[in-house]
Amino acid sequence: MLRRTLIALLFLIPLGFTGCGSGNPHLHGKVTFTDGTPLDKGSVCFLKEGYLARGQIKSDGSYEVGSLEENDGLPPGTYQVYIDGATVEDTRSPTGTSPMLDADMTKPETSGLTVTVPVDNGTLDITVKKPKKK
1 MLRRTLIALL FLIPLGFTGC GSGNPHLHGK VTFTDGTPLD KGSVCFLKEG
51 YLARGQIKSD GSYEVGSLEE NDGLPPGTYQ VYIDGATVED TRSPTGTSPM
101 LDADMTKPET SGLTVTVPVD NGTLDITVKK PKKK
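Residue numbers are given in the UniProt record's numbering: position 61 of the sequence shown equals residue 61, and the series is strictly consecutive.
A hint or two may mislead.
Stated by the list, open to error - Okay, derived cross-link-like pairs now, SDA-like style, lysine to any residue, Cα gap no bigger than 25 Å in a straight line:
| id | residue 1 | residue 2 |
| --- | --- | --- |
| 1 | K107 | G61 |
| 2 | K48 | R92 |
| 3 | K58 | K129 |
| 4 | K48 | D104 |
| 5 | K130 | T37 |
| 6 | K107 | G23 |
| 7 | K48 | D125 |
| 8 | K129 | D72 |
| 9 | K129 | S93 |
| 10 | K107 | P38 |
| 11 | K132 | S111 |
| 12 | K129 | E89 |
| 13 | K107 | G29 |
| 14 | K107 | E89 |
| 15 | K30 | T97 |
| 16 | K58 | F33 |
| 17 | K48 | G66 |
| 18 | K107 | T34 |
| 19 | K58 | L68 |
| 20 | K132 | R92 |
| 21 | K129 | L68 |
| 22 | K129 | L101 |
| 23 | K41 | T114 |
| 24 | K41 | S93 |
| 25 | K41 | P99 |
| 26 | K107 | T123 |
Derived by calculation from the structure, the hints in this document are not laboratory data.
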């Protein structure tokens, strides 16, 4: 009898977690250059006291933030925002890539972007500058 009860519990426990969302507010938006064209590579990163969440930028510039998986939201609070991995292939560069935006946008301490995530869902559209010509 005890064995059947344990086996039943093993099957029922996972059902209790099915459909449970993170409960965190969902945050999404679009990243565009000052000329209106979308940034189509990289991730929008949200940093708060050692907690990092990111949203993969899609080809149309849109993103949805997730911490453990895409679009599972963010706990409410204030975050530093920066963009990571926005590069293009460049055979003339020693690293083989060139940045798609100003370097100051790639670090939380220099991006100048902060956002307070509300208790409800929200939208954060970001406008970035293309890198300065050398």
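So, going through the hints one by one against the coordinates:
no. : hint        : result
1   : K107 - G61  : holds, 19 Å
2   : K48 - R92   : violated, 36 Å
3   : K58 - K129  : holds, 18 Å
4   : K48 - D104  : holds, 18 Å
5   : K130 - T37  : holds, 11 Å
6   : K107 - G23  : violated, 28 Å
7   : K48 - D125  : holds, 19 Å
8   : K129 - D72  : violated, 29 Å
9   : K129 - S93  : holds, 20 Å
10  : K107 - P38  : holds, 20 Å
11  : K132 - S111 : holds, 15 Å
12  : K129 - E89  : holds, 19 Å
13  : K107 - G29  : holds, 19 Å
14  : K107 - E89  : holds, 21 Å
15  : K30 - T97   : holds, 23 Å
16  : K58 - F33   : holds, 14 Å
17  : K48 - G66   : holds, 14 Å
18  : K107 - T34  : holds, 19 Å
19  : K58 - L68   : holds, 18 Å
20  : K132 - R92  : holds, 17 Å
21  : K129 - L68  : violated, 29 Å
22  : K129 - L101 : holds, 6 Å
23  : K41 - T114  : holds, 21 Å
24  : K41 - S93   : holds, 18 Å
25  : K41 - P99   : holds, 10 Å
26  : K107 - T123 : holds, 21 Å
Taken one by one, the earlier hints fail for this structure at numbers 2, 6, 8, 21, listed in ascending order.
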